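Student: Please build the complete structure, drawing on both the sequences and the hints.
Protein chains in written order, with this note's numbering: chain A, -5 to 383; chain B, -5 to 383.
Don't read these hints as lab results, they were simulated from the structure. Note that the structure is a prediction, hence the values are computed from the model and not measured. Some clues are possibly wrong.
Copies of the same chain look alike in the list, so a pair counts if it fits in one copy or across any two.
[As the list claims (entries may be wrong)] In the BS3-like style, the derived pairs of lysine-lysine whose C-alpha atoms are separated by at most 25 angstroms in a straight line are:
no., residue 1, residue 2
1, K22, K5
2, K220, K298
3, K325, K227
4, K50, K37
5, K123, K18
6, K18, K120
7, K14, K254
8, K325, K315
9, K37, K315
10, K227, K123
Protein chains: 2
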Amino acid sequence: MLNFNYSIPTKIFFGNGQIKVLGKEIKKYGTKVLLVYGGESIKKNGVYDEVIDQLKGEDIPFWELNGVKPNPRIDSVREGIKICRENKIDFLLPVGGGSIIDCAKTIGAGYYYDGDPWDLVIGKGKIEKVLPIGTVSTIAATGSEMDNYAVISNLETNQKLGLFHDNMFPKFSILDPVYTFTVSQRQTAAGTADIMSHIFEVYFSRTEGAYLQDRMAEAILKTCIKYGIVAVKEPKNYEARANLMWSSSLAINGLLSYGKESMWSVHPIQHELSAYYDITHGIGLAILTPYWMEYVLNDETVDKFAEYGINVWDIDKENDKYGIARGAIEKTREYFISLGLPSTLREVGIGEENLENMAKKATDYQGGTIGSFVPLNYEDTLEIYRRAL
Amino acid sequence: MLNFNYSIPTKIFFGNGQIKVLGKEIKKYGTKVLLVYGGESIKKNGVYDEVIDQLKGEDIPFWELNGVKPNPRIDSVREGIKICRENKIDFLLPVGGGSIIDCAKTIGAGYYYDGDPWDLVIGKGKIEKVLPIGTVSTIAATGSEMDNYAVISNLETNQKLGLFHDNMFPKFSILDPVYTFTVSQRQTAAGTADIMSHIFEVYFSRTEGAYLQDRMAEAILKTCIKYGIVAVKEPKNYEARANLMWSSSLAINGLLSYGKESMWSVHPIQHELSAYYDITHGIGLAILTPYWMEYVLNDETVDKFAEYGINVWDIDKENDKYGIARGAIEKTREYFISLGLPSTLREVGIGEENLENMAKKATDYQGGTIGSFVPLNYEDTLEIYRRAL
Chain A
-5 MLNFNYSIPT KIFFGNGQIK VLGKEIKKYG TKVLLVYGGE SIKKNGVYDE VIDQLKGEDI
55 PFWELNGVKP NPRIDSVREG IKICRENKID FLLPVGGGSI IDCAKTIGAG YYYDGDPWDL
115 VIGKGKIEKV LPIGTVSTIA ATGSEMDNYA VISNLETNQK LGLFHDNMFP KFSILDPVYT
175 FTVSQRQTAA GTADIMSHIF EVYFSRTEGA YLQDRMAEAI LKTCIKYGIV AVKEPKNYEA
235 RANLMWSSSL AINGLLSYGK ESMWSVHPIQ HELSAYYDIT HGIGLAILTP YWMEYVLNDE
295 TVDKFAEYGI NVWDIDKEND KYGIARGAIE KTREYFISLG LPSTLREVGI GEENLENMAK
355 KATDYQGGTI GSFVPLNYED TLEIYRRAL
Chain B
-5 MLNFNYSIPT KIFFGNGQIK VLGKEIKKYG TKVLLVYGGE SIKKNGVYDE VIDQLKGEDI
55 PFWELNGVKP NPRIDSVREG IKICRENKID FLLPVGGGSI IDCAKTIGAG YYYDGDPWDL
115 VIGKGKIEKV LPIGTVSTIA ATGSEMDNYA VISNLETNQK LGLFHDNMFP KFSILDPVYT
175 FTVSQRQTAA GTADIMSHIF EVYFSRTEGA YLQDRMAEAI LKTCIKYGIV AVKEPKNYEA
235 RANLMWSSSL AINGLLSYGK ESMWSVHPIQ HELSAYYDIT HGIGLAILTP YWMEYVLNDE
295 TVDKFAEYGI NVWDIDKEND KYGIARGAIE KTREYFISLG LPSTLREVGI GEENLENMAK
355 KATDYQGGTI GSFVPLNYED TLEIYRRAL
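Tutor: Shown next, in the form of structure tokens:
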């Protein structure tokens, strides 16, 4: 186990009806609110009204930034900063999924930055302070409600990049599983794949002796596998939605990665798909993950994949280890298919046209090599894209 | 899964050499330090010198309260408060195990209370504020380094009781597994039993659908079972000490109990053993736990015990569920014995003399009924003590 510094300051209000704390919690940190959201979904499912009731009930003035898209654009960030500065807004309230929360986090960082906020995304500028943020999460997926990361896209430059800062942890997040009842089958499936991918990124690591972290990772993977399919089939199953929602936060808040070396692999490869084709993040991950697993399976990694097969998929440990490893990868693929997710790039309209450009960008952004479990160069990355066609 | 409000604000600096952050961390919260510790052990193993080096290196003035005993006495708390008030001390630095940390937490609460600090323990007085606390942990056991609880004893009244407050969370804790290399075999075993008992207290619950929490509980139990015996046999095994140390914090910081109904059972029964006989907390737990499990095994609880047997002890799920349950309880007992721990009260010098008084006190403190997995009244508690003789 490696040394680590643990700090997860976000408070979580979990469960049905927790929206009632919203107004009072906001007042601990701010006086004027920017409500950040996407399209019509939170108006249709009633979440918008519940939030507005809370704000009005506590006499908290608020402004709105709506129309924030999945794979949130830097344009929305710029617009949000403008509204905040014009109105001296001192608290950000994203209501939605990871894209909405990521947009708000970047608005919060950009608010205190003199130049264009894209500088902060590409590392040209430095984050010093961040406006306080509270979130109302409406999907189990990115875990952005309990971490200090954000991912922002720039469609002009075909770039999708991450930024982080300790002050980007939300002060609090309200997680009401009922708010996810109206998430579509496809988005539920994609969200489950996203959570599982966050776990894979840190589970498949070369760090020795982080036994506790690995067993906890398996615990959350088993939870996703059990309840992802339930939530797809029974969208109003509270138990399934609750287990997925809490899994999404714990998968990425650091609990599983503290003490392990884990340079991510599949996310950087996937990000190019979203940057070039604007496809749903979790769908790209579901397609790529089994191909990545097959590609990196070798004599040095087979034990880890066998561990995965035995502990997560309950494959008989008496089998030979390559058999267990391949069985586990196949079960992973079959599971994503059972959720209704595509398993090839062609199914989502991606052909050979950009594979080389994407492989080049993906590796360039990582300084030439992606990941550390099995470091991947340009050729490796291109080959994974090709196999996934 | 039940609703919950999650807040675990303690920062953790985990790993060998992390003591180097001590001085700078203290300066974020205070200017004058009360160093709280027990006997000679931290002087023998070098931890005391490392702490002093840090304080001196940052020119932080400090006072000392030493001689704090296991099952810390209210007398030590009174003494600590006196030193703090006389010297306007504004930061508490317990260096040691749970008893030392619990003593410091109670000093921190008592500092701001006008009356006798025992009032706060018995609920006669109310905790309003707490001095900031940072800990240097030297044993994997109570988890006090990352929670907001303390347990204090009063040998005059034969009382051992808990108190808690949100401000009793340490601001930070330094967990260096090397500091636990010199913990004796017996204390290592008792600490492991204590961690496992904290998990049992929340794992064995009637809450339905907290699947994620239960799988994580099993993950930490498996870690304890794997490494407890290793640490007993190879006290300088870093991997074992690290896994146990991090398990101790995660077992009780709320991660496993948020979302579950869990009134503790074995701890209240054990506390009377320590109050009457001053025996090591973890040893009392190791003795009582299997007897408690056998006593509460019935048609309503057998499924949970079978789940425990299958998922933690790898018992074949094809067996009948009572067979699995009884097998799991027997494995629990055998495991504690394998660690070198006693399995009966007589082995630690406890006879029939106080059983009735202890059963009465244990149940009285809990309002007549202990626990909620299977609520235990006076007769139940007395019977468990008797069987454990």
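Student: A separate judgement is required for each hint: does it hold in the structure or not?
Tutor: Quick rundown of the hints versus the structure:
1. For the identical chains of this complex, K22 and K5 are neighbours both inside a copy (13 angstroms) and across copies (21 angstroms), given an alpha-carbon limit of 25 angstroms.
2. In this assembly of identical chains, the alpha carbons of K220 and K298 lie at most 25 angstroms apart whether taken from the same copy (22 angstroms) or from different copies (18 angstroms).
3. Proximity of K325 to K227 under the C-alpha cut-off of 25 angstroms is restricted to the intra-copy arrangement: shortest distance 19 angstroms within a copy versus 39 angstroms between copies.
4. For the homomeric pair K50 and K37, the shortest alpha-carbon distance inside one copy (16 angstroms) is at most 25 angstroms, but the shortest distance between copies (59 angstroms) is not.
5. For the identical chains of this complex, K123 and K18 are neighbours both inside a copy (23 angstroms) and across copies (21 angstroms), given an alpha-carbon limit of 25 angstroms.
6. In this assembly of identical chains, the alpha carbons of K18 and K120 lie at most 25 angstroms apart only when taken from different copies (24 angstroms versus 32 angstroms within one copy).
7. Taking identical chains as interchangeable, the C-alpha atoms of K14 and K254 lie at most 25 angstroms apart only when they sit on different chains, with a minimum of 21 angstroms there against 38 angstroms within one chain.
8. Taking the closest pair of Cα atoms, K325 and K315 come within 25 angstroms of each other only inside a single copy of the chain (15 angstroms); across copies the shortest separation is 29 angstroms, beyond that limit.
9. Taking the closest pair of Cα atoms, K37 and K315 never come within 25 angstroms of each other, the shortest separation being 51 angstroms inside a single copy and 49 angstroms across copies.
10. In this assembly of identical chains, K227 and K123 lie within 25 angstroms of each other by CA distance neither inside one copy nor across copies; the values are 43 angstroms within and 49 angstroms between.
Of the hints listed earlier, those the structure fails to meet are numbers 9, 10, in rising order.
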